[in-house]
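**Student:** Take the sequences, apply the hints, and build the full model.
Just so you know, the sequences run in chain order A and B. Per the UniProt record's numbering, the first sequence starts with residue 1, numbered consecutively. Per the UniProt record's numbering, the second sequence starts with residue 1, numbered consecutively.
Be aware that one or more of the hints could be misleading.
Derived PhoX-like pairs (lysine-lysine); straight-line CA-CA distance at most 20 angstroms [as the list claims (entries may be wrong)]:
id: 1; chain 1: B; residue 1: LYS166; chain 2: B; residue 2: LYS241
id: 2; chain 1: A; residue 1: LYS166; chain 2: A; residue 2: LYS60
id: 3; chain 1: A; residue 1: LYS166; chain 2: A; residue 2: LYS156
id: 4; chain 1: B; residue 1: LYS194; chain 2: A; residue 2: LYS166
id: 5; chain 1: B; residue 1: LYS180; chain 2: B; residue 2: LYS194
id: 6; chain 1: B; residue 1: LYS156; chain 2: A; residue 2: LYS166
id: 7; chain 1: A; residue 1: LYS156; chain 2: B; residue 2: LYS160
id: 8; chain 1: B; residue 1: LYS156; chain 2: A; residue 2: LYS160
id: 9; chain 1: A; residue 1: LYS180; chain 2: A; residue 2: LYS195
id: 10; chain 1: B; residue 1: LYS182; chain 2: B; residue 2: LYS194
id: 11; chain 1: A; residue 1: LYS160; chain 2: B; residue 2: LYS160
id: 12; chain 1: A; residue 1: LYS195; chain 2: A; residue 2: LYS182
id: 13; chain 1: B; residue 1: LYS180; chain 2: B; residue 2: LYS195
id: 14; chain 1: A; residue 1: LYS156; chain 2: B; residue 2: LYS166
id: 15; chain 1: B; residue 1: LYS166; chain 2: B; residue 2: LYS156
id: 16; chain 1: A; residue 1: LYS160; chain 2: B; residue 2: LYS166
id: 17; chain 1: A; residue 1: LYS180; chain 2: A; residue 2: LYS194
id: 18; chain 1: B; residue 1: LYS156; chain 2: A; residue 2: LYS156
id: 19; chain 1: B; residue 1: LYS195; chain 2: B; residue 2: LYS182
id: 20; chain 1: A; residue 1: LYS194; chain 2: A; residue 2: LYS182
Chain A is nowhere near these chain B residues, computed Cβ spacing over 10 angstroms in every case [stated by the list, open to error]:
id: 21; residue: ARG22
id: 22; residue: HIS72
id: 23; residue: PRO76
id: 24; residue: GLY80
id: 25; residue: SER83
id: 26; residue: ASP85
id: 27; residue: ALA108
id: 28; residue: ASP126
id: 29; residue: ALA162
id: 30; residue: LEU192
id: 31; residue: GLU218
id: 32; residue: LEU224
id: 33; residue: ARG230
id: 34; residue: ALA237
id: 35; residue: GLU238
Don't read these hints as lab results, they were simulated from the structure. For clarity, every value in this text was computed on a predicted model and none was experimentally measured. All C-beta atoms, glycine included, are put in the ideal place defined by N, C-alpha and C.
Protein chains: 2
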Amino acid sequence: MSDQKTIGGGSLLIAWQLKGKRVLIVGGGEVGAQRIDSILATDAHIDLVSPSARLHTRTKQFLGAYPARITHLDQPFAFGDSSIDVGAYDMVLTALDDNDLSRRIVEACRVIRVPVNAADIPELCDFYFGGQVRDGPLQIMISTNGNGPRIAALIKDRVKGALSGKEGEALVRVGALRAKLKERAPGVGGELGKKRMRWMSRVCETWSLEELGSLGDEDVGMLLDEGWERNRVPAPAEILKGSKGSFWGKGVKSAGALSASVVSFMAGVVFARVAFSVYQSRR
Amino acid sequence: MSDQKTIGGGSLLIAWQLKGKRVLIVGGGEVGAQRIDSILATDAHIDLVSPSARLHTRTKQFLGAYPARITHLDQPFAFGDSSIDVGAYDMVLTALDDNDLSRRIVEACRVIRVPVNAADIPELCDFYFGGQVRDGPLQIMISTNGNGPRIAALIKDRVKGALSGKEGEALVRVGALRAKLKERAPGVGGELGKKRMRWMSRVCETWSLEELGSLGDEDVGMLLDEGWERNRVPAPAEILKGSKGSFWGKGVKSAGALSASVVSFMAGVVFARVAFSVYQSRR
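**Tutor:** Below, the structure written as structure tokens:
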């Protein structure tokens with residue numbers, strides 16, 4: 001009944017929206033730099049509270065590279081300081097060695113229901129971070145719910161290894177195809193909306209991710225001319241004549257298996273040749 | 001500098017904590033059932049507001065299977081109704097056909113900063129859901145940030161295909177090993193804490209995930225006796241003598257490649273045999 005192997009005991013994995021929001025990060029050390037990296041994936045503005053002397057090299061690099069994204073408040077966090085009001089933020093992340101200060105910040109956030117994460121104090125966190133894989137619009141998070149960070153890294157490698165690296169591009173190109181289709185057949189919902197959705201689904205079912213990712217701007221036009229306008233789904237080879245990306249992608253993947261078969265076949269030939277020689281020499 | 005291929009434009013993927021929390025789901029249709037499924041992965045209690053007549057079959061199954069987890073309020077959602085106060089919840093999810101009612105619920109939540117998701121109205125959501133893969137303590141989320149649900153399903157299949165199915169068990173067994181190690185060498189932090197962490201890391205680096213997942217309770221004791229007590233990392237074969245889990249796991253994986261090679265070899269033999277026959281018959 002449930003799609004899940006396991007009921008209970010887990011977290012709710014969600015994609016939090018931070019466009020136009022403000023995030024406060026308290027602490028600019030190594031963990032603070034990790035937090036900045038996570039928030040840079042979104043479109044939030046970051047206020048970083050940390051004395052300059054305590055900034056990690058990576059934090060300094062972020063401040064230098066993304067001045068429009070990060071405002072550095074060169075001071076320690078102090079309660080009663082009018083310049084830092086946790087209520088002014090949509091999310092607060094502490095990355096401090098001082099657990100007592102972290103706790104007090106979390107309590108202040110909790111009262112006014114500002115989502116908060118305190119590094120290294122899981123029982124105080126509204127949410128945890130996890131291993132992240134990103135490729136354009138594609139984001140993948142791997143959470144072990146606090147069990148074994150070392151294994152989490154191994155699982156992240158497996159997930160990365162499963163991707164061809166074309167998935168993000170496929171999402172972008174399908175988005176472009178959908179946008180162009182909407183220009184040709186505009187309107188929201190209704191019969192036309194359903195027809196658009198059906199045709200898009202058929203294309204995504206027929207074409208591989210790698211083929212979708214290889215769709216150039218001209219290909220998109222041709223796919224609409226030859227496909228949408230004629231109510232059919234052209235084969236990828238019909239449209240992607242120009243670009244060999246798809247073919248080579250598959251070629252590289254199967255080259256290993258092919259060469260193994262060739263070697264086995266040759267071994268069989270040699271084995272048979274030797275066996276016949278032995279057989280004939282003894283006859 | 002950043003671990004990420006892409007800066008900006010994304011969501012913040014997080015693992016939200018709901019242990020001991022209360023979640024309100026408004027609407028018990030098909031999407032409502034999906035929401036119940038998502039929350040059942042956590043330890044939150046669910047209040048479901050929906051007239052009985054509007055419950056999806058799957059929702060009814062959830063209500064029957066998890067009565068202690070879900071309280072069904074058999075009524076439509078109405079403002080001013082004293083029995084439904086969004087402020088009493090830690091999270092609110094609407095799954096309604098009535099967009100206006102959804103909007104009003106979201107606005108009520110926003111004022112008091114209760115995290116809220118409104119199905120089909122992305123611009124009103126604090127967070128989105130995504131494709132989920134779970135195996136015990138392991139949870140993976142795939143988000144395409146609203147681009148192409150069809151492709152999201154294909155990517156989910158790729159991620160699932162990359163897992164051996166032993167990852168969750170490996171996390172559980174490493175957790176058991178860590179717990180037993182802490183019994184033998186108790187205490188928080190300090191030199192002993194560092195030594196424990198180093199030894200655990202070495203084990204996780206030397207053993208494969210599948211081997212870690214095959215650790216039985218007796219194996220854990222032997223690994224501590226032969227490993228931790230002697231400050232070394234025994235080879236998996238030294239400890240896992242009894243259990244063949246690891247061997248078979250690998251065996252199944254390579255069986256396909258092996259049989260392909262055998263077939264190629266035999267093909268080579270047959271080819272050579274025929275070639276010799278032809279050669280001899282013409283001589």
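**Student:** Taking the numbered hints from earlier one at a time, note which ones the structure violates and give those numbers from smallest to largest.
**Tutor:** 2, 4, 28, 29
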